[in-house]
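Heads up: the sequence shown runs through residues 1 to 127, numbered per the working numbering.
Keep in mind that the hints are not guaranteed to be accurate.
What the hints assert, rightly or not - Distance windows between CB atoms, simulated:
hint, residue 1, residue 2, range
1, Pro7, Arg79, 23 to 33 Å
2, Gly18, Leu100, 30 to 40 Å
3, Pro7, Gly82, 27 to 37 Å
4, Ser29, Gly102, 16 to 26 Å
5, Pro7, Gly92, 29 to 39 Å
6, Arg41, Gln9, 10 to 20 Å
7, Ser61, Gly113, 14 to 24 Å
8, Ser61, Gly82, 27 to 37 Å
9, Thr31, Gly82, 24 to 34 Å
10, Ser65, Ala16, 26 to 36 Å
FYI, nobody ran anything at the bench for these hints, they're computed from the structure.
Glycine is no exception: its CB is placed at the ideal position from the N, C-alpha and C atoms.
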Amino acid sequence: MSGYPEPFQLEIGDDADGRPRVTVRGELSYTTAPALDEQLRALPGPGAAGADVVIDLAGVSFCDSSGLAALLSAHRRARRRGGTVTLRGPQGPVRRILRLTGVEVLFAIEDAGSRGVPRADAAGGRG
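With the sequences and hints as input, model every part of the structure.
Listed below in structure tokens is the structure:
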């Protein structure tokens, strides 16, 4: 490990069940959150796949208030469209900021290894 943060990367694709998936790697901060927000805004609206979206955070090492704001913005947009945002694999500091700010309950949370099965203890999840 070099001690330097992993470069920020976004990957857009589809989950196994057809939901749009945005995979995020690196630090989600005031310098990188606008790129995530832009990608999430560009996702198609309701249609064949509905308004649900998966944001894979397993590779995110840090999240500040700007990153949190991008996630909350995605939640509000999905909710207006009748959908949900599933956060996959939030670890360490990311999980902590979600918990400490109380917004964890707004999202379905999946473990990093799961592919479409929300944890039963997450609000909005299916048990």
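Consistency of the hints with the structure:
Our hint of 23 to 33 Å for Pro7 and Arg79 holds, since their Cβ atoms are close to 32 Å apart. A beta carbon spacing of about 33 Å between Gly18 and Leu100 agrees with the range 30 to 40 Å that was offered as a hint. At about 35 Å, the beta-carbon gap between Pro7 and Gly82 stays in the expected band of 27 to 37 Å. Between Ser29 and Gly102, the C-beta spacing of about 21 Å keeps the proposed range 16 to 26 Å intact.
Restraint check, Pro7 to Gly92: a C-beta distance of roughly 18 Å breaks the suggested window 29 to 39 Å. Arg41 and Gln9 have their C-beta atoms about 18 Å apart, which keeps the hinted 10 to 20 Å range intact. Checked against the hint of 14 to 24 Å, the C-beta distance between Ser61 and Gly113 comes to roughly 18 Å, which is consistent with it. In this structure the supplied range 27 to 37 Å holds for Ser61 paired with Gly82, their Cβ-Cβ distance being about 33 Å.
Between Thr31 and Gly82 the beta carbons are some 32 Å apart, a value that agrees with the proposed interval 24 to 34 Å. In this structure the hint that Ser65 and Ala16 lie 26 to 36 Å apart at CB holds, the actual value being about 32 Å.
Hint 5 alone, counting from the list given before, is not met by this structure.
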